[in-house]
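Colleague: Spelled out, the chains give:
2 protein chains.
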Amino acid sequence: MQRIANLLAIKDGQVLLLQKPRRGWYVAPGGKMESGESIYEAAVREFKEETNGTPLHTHLKGVYTMVIKENEETVDEWMLYTFVATDVEGELFKETREGTLAWHPIEKLKHLPMAEGDRTNLLFAAAQSGIQYGTFEYTKDFELLHEKIQMSNE
Amino acid sequence: MQRIANLLAIKDGQVLLLQKPRRGWYVAPGGKMESGESIYEAAVREFKEETNGTPLHTHLKGVYTMVIKENEETVDEWMLYTFVATDVEGELFKETREGTLAWHPIEKLKHLPMAEGDRTNLLFAAAQSGIQYGTFEYTKDFELLHEKIQMSNE
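In order, the protein sequence lines correspond to chains A and B. The first sequence begins at 1 in full-length UniProt numbering and counts up by one. The second sequence begins at 1 in full-length UniProt numbering and counts up by one.
No lab work stands behind these hints, which were simulated from the structure alone. We put the beta carbon where it would ideally sit given N, CA and C, even for glycine. Careful, some of the hints might be misleading.
So, partial list: chain B residues that the calculated Cβ filter (under 8 angstroms) puts toward chain A [claimed, not checked]:
id: 1; residue: His-59
id: 2; residue: Leu-60
id: 3; residue: Val-63
id: 4; residue: Ile-68
id: 5; residue: Asp-76
id: 6; residue: Glu-77
id: 7; residue: Thr-100
id: 8; residue: Trp-103
id: 9; residue: His-104
id: 10; residue: Gln-128
id: 11; residue: Ile-131
id: 12; residue: Tyr-133
id: 13; residue: Thr-135
id: 14; residue: Thr-139
id: 15; residue: Asn-153
id: 16; residue: Glu-154
Based on the sequences and whatever the hints tell you, model everything.
Modeller: In structure tokens, the structure reads:
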């Protein structure tokens, strides 16, 4: 089962998003965990690789079960770990093989094109306290079929 | 890849532990996530099944990458999600197929027989703020070979 870690950097009311070339959708920088990594190490490594920046005060905000359904059957399932960082050091890439990297006002998360589950996930990460959990069910084309959310605070 | 969720209930300076019959080792109640569950749902369901109690104020405290090594090769790898709850409702089982369930003073976590990574994990969950991440490497006989830990606070 795949494990994906991503990281939303937040600074001065803005979030750092990568616009992917294929659909033009926005995502938080991230990627696949490697064998033996912790989720924290994976999130930091992937962020560095995709942005050239070093995240500061990295903290987990969400753990999601991602499910792809086809004819009501589960055809794929993976885990998504979403972190935030409250600052970034270093000179960031602008354009990479992965897409276009830029800062956007937090409020734009409500409207920029992205997977609908990512919107739920990133809005929580950027603006609320505690940790969010849940399951997102998608079609193969990433149309959101169903989301079920829980959250908790220390 | 297996995903395991467990839950340490804490109340009046005591923690609820299950003593497993085979080795006599102590664990927090928990078990395998089912397809499509969130980690939160899995932790609560497994706790209810193993204790007959309902956990209150359930919150994530740790996410660990668990690795079994044999001759320096990884032969198994899974994810462990550790939650705490600050109270439990309902009449708890005492003795089940899974083992013996009882409350123990938090300090006993330092000395009770258990996997050494579980000790690191449960001591953090019971007594520290924030979230802990890391990788635990074990032999097939659950002798701890290596642990690498990170932690963060909101």
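Colleague: Confirm or reject each hint.
Modeller: Verification of the hints:
| no. | hint | in the structure |
| --- | --- | --- |
| 1 | His-59 | holds, 4 angstroms |
| 2 | Leu-60 | holds, 5 angstroms |
| 3 | Val-63 | holds, 5 angstroms |
| 4 | Ile-68 | violated, 11 angstroms |
| 5 | Asp-76 | violated, 11 angstroms |
| 6 | Glu-77 | holds, 6 angstroms |
| 7 | Thr-100 | violated, 29 angstroms |
| 8 | Trp-103 | violated, 22 angstroms |
| 9 | His-104 | violated, 23 angstroms |
| 10 | Gln-128 | violated, 10 angstroms |
| 11 | Ile-131 | holds, 5 angstroms |
| 12 | Tyr-133 | holds, 4 angstroms |
| 13 | Thr-135 | holds, 5 angstroms |
| 14 | Thr-139 | violated, 15 angstroms |
| 15 | Asn-153 | holds, 7 angstroms |
| 16 | Glu-154 | holds, 6 angstroms |
In this structure, the hints that do not hold are numbers 4, 5, 7, 8, 9, 10, 14, in rising order.
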